[in-house]
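Visitor: Hints given; two lone chains; assemble the complex.
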Amino acid sequence: MSGKRDRAPKTYTRLTHPLVRDSRDEPFRRATWDEALSRTAAGLRAAQGAFGMFSCARATNEMNYVAQKFARVVMGTNNVDSCNRTCHAPSVAGLSAAFGSGGGTSSYEEVEHTDLIVMWGSNARFAHPIFFQHVLRGIRNGARMYAVDPRRTKTAEWAESWLGLNVGTDIPMAHAIGREIIHAGLANRAFVERATSGFEEYKALVEPWTLSLAEKVTGVPAAAIRELAHDYARAERAQLCWTLGITEHHNGTDNVRALINLSLLTGHVGRYGSGLQPLRGQNNVQGGGDMGAIPNRLPGFQDILDPQSRLKFETAWDTVIQPRYGLTLTEMFEAMEEGSLKAVYCIGENPAQSEADSEQAVRRMRALDFFVVQDIFLTKTAELADVVLPATAAWAETDGTTTNSERRVQRVRKAVRPPGEAREDIDILCDLAERLGHDWKYADAQAVWDELRSVSPDHFGMTYDRLESLQGIQWPCPSQERIEPSYLHGRLWDADPNRRGPLAPFGLVAHDPPVDLTDEAYPIRLTTGRRLDSYNTGVQSGSFASPLRRGEYVELCPEDAERYGVVVGEQVRVSSRRGAVTAPVWVDTGLRPGLAFMTMHFPDEVDTNQLTIEANCPIAGTAEFKASAIRIDKLTVPAT
Amino acid sequence: MTAVPLGIPRRLVEFTLDGQDTRVPEGSTLLDACRAAGKDVPTLCEGDTLTPKNTCRVCVVEVEGARTLAPACSRRAEPGMTVLTDTERTRHSRKVVLELLASSVDMSTTPKVAGWLKEYDAKPDRFGPDAARLNEEPRVDNDLYVRDYDKCILCYKCVDACGDQWQNTFAISVVGRGFDARIAVEHDGPLTDSACVYCGNCIEVCPTGALSFKSEFDMRAAGTWDEERQTQTTTVCAYCGVGCNLTLHVQDNDIVKVTSPHDNPVTHGNLCIKGRFGYQHVQNRD
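Note that the protein sequences, when read in sequence, are chains A and B. The numbering used here puts the first residue of the first sequence at 1, with every later residue one more than the last. The numbering used here puts the first residue of the second sequence at 1001, with every later residue one more than the last.
Next comes chain B alone, as it looks inside the complex (with noise of 0.2 Å):
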């Protein structure tokens, strides 16, 4: 008997990926294999602790013989397939689609997303100040969450996460249809009254800051967030036996912010309210 169930031996599937030669072990995506590869694909819908639905498109490649673009983030690597990624297909079609993307959210507190412009010669204004946006007011409406919907790009991370994929708490969905479809607790009411119980792990994988920490938003707002003085420890949790890990990130010795590792064996990066919020204690200094 061995000490842990080893599983079904994966095999390893060859293919190749823009000229060149990959074995990847047996359902990995094209995206695990990009990466491994070492290619920097842009994807905003993907998390490493998710399985993504694809909706956001900025991560298609072009599998040979397809009619359409593949997204890499979902698409199987198989044996013998052709995969081509930098190609003037790929290219225009994640510049369009950052184009829009870019002029109907605002993009401002997405990670990356300025690089990914230029690299791909986005153009975002050249659809005129009419382009659609939502222009809302963040919702503020409990201590600890703000919802800026204006930064929402519909791609159903925190649906997940809040659902069956982590969480199991169901309180995010979509709601409506078509152009009117967005992301929102029962009956799109305020937090407070939904089934929401402050996770926080919606946040943990909002790609865009659409979902953020109070402590944050606040601070954006005053001007004084500044992530290049902060720095980022991993600890252990204090609110119970089980041992989440938490990073603390510091701002002039204040804890500004508790997210954990994603490849914590026993967290996956997931909190609950005492360990993403119950730090306050700590600093209660006078």
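Isolated chain A (complex conformation) (with noise of 0.2 Å):
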């Protein structure tokens, strides 16, 4: 066993100019960008009705608008999605269910006032570290904070309690502590009668949920979910927090109504310093679905069905739009399988290593007729493709706006000149739309933006030189005179119920355990999750000298590596229902018996993905990442 390894993962380059190839068994080739856009232009033309496009939660506003325009205009479709998809589909699912809006409801500046902050299913500290300052603010101004997750992270150590659930039960513990608030008289009577509906049936939902039968199923001692339980209902102001702890489960949507009916059982929403904060991955997944990227929505979240809305477009786009859902992500990929999606425009995302069950993923994007990617490496996606676009990063060689976890939307400038023959997308989009009959023509982002501002008015007040002087403005913004409070759904406090609008729904949600179950041949639930210094599946984050990064690890708590005889940097066989994959062990005193960890950040060394499930929720289509079960085996003969 030789001590250490090499820690440089593996570094991509930048695409510098186009790629086709006549066959998938032949190597790529380069081309010019004319040659490049003839051919995709031939091939998505030759699929229109089976066209599925890929947009990206990393890029542009702008970009994203243009990209579900050029979807439901060029092609005629509203199968549009990106890996919102894979991550917090399920927050944006259950948040608009219960408000009619799917951002999350508070600002970062608020938890640092508010008394009570709940961390669930997210390692903040890690993840989303700049956030987690706003909650270190909002601890050192005196607010309690709790964290609920089956880990005892980072974030955890900062907690006045870590409640260490069992993987899956978050439901449970939800209806518990509801069961706990309703039965401790300290729910907020007056705020459930006046802008709710269906307590008395979610009241009888909860009422199995006792604290004891909650310590059974969660393994989280009663007392300290009683303790959680009445600090939120007693908390002034109450911020609750989740991260894909939460979603990336198979029934990741009902898991975030469960939290949004405690916040609608305590009043904790709608006020300043009380709200609902999922935090989000990508530095534009809020804005990708907010632009219409998303399957269900045209740009501004507004629905499809609504036949007032596709006029409004239609008009403005001189189109004709399904009046239909398209296709998410994940039935895209079923519908590969299928062969009733035939050619896919994948922009600047990874499926090939991001997807649960990434083999099937991969297997499925060789079946199409045509695929091309647009990316700025050659990435293990963009290696299965027929053309391969080399685009521009967008946050430092294009000018636009992308919007972050508040829903602040901000400007994104250009500081650095695309290597190469690399092309903007926007630019690339266009030119595609030209050789497809849709003569479009936007001077700039800018121009993109004044469009979309005329075609939603929760982004109309955003003018590029309003969000320079104030340094990004928070949706809504329906005037170009005022800014409105940082926190939604006000309106829900409003002693008039015309103002009050519509009541927000109790989500009557049941438990579901996951779906993957250990048992004796797969005695150990894996979970995964982000290391401090990486992200995703690395392609970015490889290329800088981290002095943290160890590589890929399946770390273990110390009972079960003394258990299975294995010590730290031993390679060890991990095996799911799925797969397997080799790698090093890794012992973290956060994690206990059965449980075990992986990242996603090295798929070039182990490929974590191989493990996972793809148990998708129903709702929102995000697969199960957070909960495989696997097996650890001794290697007698060290691997290679």
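Chain B is nowhere near these chain A residues, computed Cβ spacing over 10 Å in every case:
1) 76
2) 234
3) 307
4) 309
5) 362
6) 454
7) 510
8) 524
9) 551
10) 578
11) 605
So the derived label-pair ranges between C-beta atoms look like this:
12) A:189 - B:1263: 36 to 44 Å
13) B:1221 - A:568: 34 to 42 Å
14) B:1055 - A:470: 34 to 42 Å
15) A:33 - B:1137: 50 to 58 Å
16) B:1286 - A:21: 20 to 28 Å
17) B:1118 - A:548: 40 to 48 Å
18) A:568 - B:1195: 16 to 24 Å
None of these hints come from the bench; they were simulated from the model. Each residue gets a CB set at the ideal place from its N, CA and C atoms; glycine is no exception.
Guide: Encoded structure:
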């Protein structure tokens, strides 16, 4: 066993010119832009009616606007989606079902001025470090913080109390908290009566979830659950924050609804300092959805099924919009399997490595008639394509805007020139649109933004000048003169029922344990997450010399390591019902017996997503990355 | 109900600053008042995102009736006080403090200090060649940071930024006492054995360049660092959904340094390792 591993991961070199090939068996060859785009236009034209667009949650709002317009106007389909599907789509679905709007309801600054912070399924200290600085400010200002997480993370180390629940038992925990609040007489009855619906049904739903039952199911002592319930209900102001520990489950949307229920029960929403904060994983995963790069919404979060909304866009774009929802990313992959989706235009995404059960995803993309990938690197996904188009890095090489987790739209600016012949996404999309018969002319990103402002009332007040002078503006911003409150849904507190608007319904959701059950053959629960210095599939973060980087490990608790007789650095075989990988062991005292942890940062080294299960949330389509059943086998012969 | 809590209204405090009647909000420091009045008071240990430890003593002013000079960065304005910023006594004090600092510390990369030395007629050389200096080689024990103790003035800014004022990592503190005091990580060991998470927020606040990015250090060593030729463009980080603003310092189409605007509502000038250092992938151009 060699002591030290080479810590330098695979680094990717920028694409500088288009690549094409006549058949998938051949290597790529360099092509001119004209040839590459002609081939792309032909490939897409042949697939009218069987086309899907993967838009990019890391590109600008402007690019996402043009990409969804391309899908809807040029290709006549609502099949447009992005990697928000693999992380926070359940948050959007859950929040819109409750409040009619899919954004987090509070602002970072409010976390500094709240009395109680619940971090649920979120290791923000690592995954969202600067948001966590606002949390730390809140703690220093006197707020109490609770961490609900199977792992005792660096975030949990700052908590008053850490509730280390079993993976996939968030709903029992939330229901038990709800029941305890109701039974203790701590529900905000005035708010429940005036602003919500379905309380009686909710009360009946949570009634079986006594503290002792919850203790059995979640593994968290009843007293700890009771303390959180009482503290949350009694707090003057409280913030409930969550990340992928809630959403990356086969019932992610239900998990989100279960948390929203607690805010409805206590009135911790729609006020300064009280709210719900889903922390988003990509710089523009919020904005991509806001721009309509999702299959069920037009730009500005306007419903496709609403004839008025469709009419507005049909007039603005001189087109006919399909009066039905398109396919989600997950459904598009299924449609590839069935053969009903024949061509895909993938911009800046790496599903060959980011999708759960990655081997299946690769097989499906190989079955496409035509596959074009637009990226800054030749990723594993791009290697499967017919045409590869070199793009710019949105955050440093283009102008535009992105929208963050607190709904703040901020300016992105071009700082460096892109390499070689790489072109901006919008420029490429417009060139393709022209080849397919649509003459779109945008002088610059601002022209795209102004078109978006004209069709999205929530963005109307955000001119580039105002975004610059105010260092970003949070939506909604319907007026060019005013700034709206930093929190959403203040209407729920209005005395006038008309202004109060639609009531927020309690979500009647039932516990459903993880699909991939542990048993004698696969006794260990594997959960996944991020490290501080790495990002997603590592294509971007692998290139800088991080002293913290130590590559991929399967992390075990000291007890399990002893039970299997393995030591730190020892290579072991990690198998699930779908695949097996070899990885070295790391021992983390934040884990407990039966719980293992891996990241997805080093797929070229250890492809963790060969282990994960593609069990999808039926509402949002997010896969259960957080719960797989695995086994650990000691290798008799050291792996080479 | 107002949209945002307005807090307790702040009264205005009236006092005399260099003979002028001055009004500042309650709680303001004398330095705030001087800046509001357009007076340039030199300071090293004060930073716009931090509460200073008032260690450098460069910003001292004279408060009438007080026995000693007061550090403007920490002394709060009080009603009726009379403050003088430019007297013989303050000028002499600043001159001596600057002489002591500049004779014991390499201030070649400290912005503005050359101008102050001239303004206050400070002569650091007058202590002769034997003036105490550390004379240590810069410590390069990782690929991101360099620590050059010859440039450290013990201002505590990095300690505060790493500690309870921002980062709460507590990797940096002061070890030793008296003349042996120095800024260090655990047991004065290498950074790589410490609690450091490489956020770079200590470098962001370091006033002298004692802490610097290795990219800048290497370019300075090679003589290629040229701020005249650099552009600064503020954009948004691409590593998570928080939306931190990054100011990219670009020289010859290469990103050479990343900072964040100190008045930004998302970051308050702070970043994490990914935002601060994770730009290299963009310029893997061949």
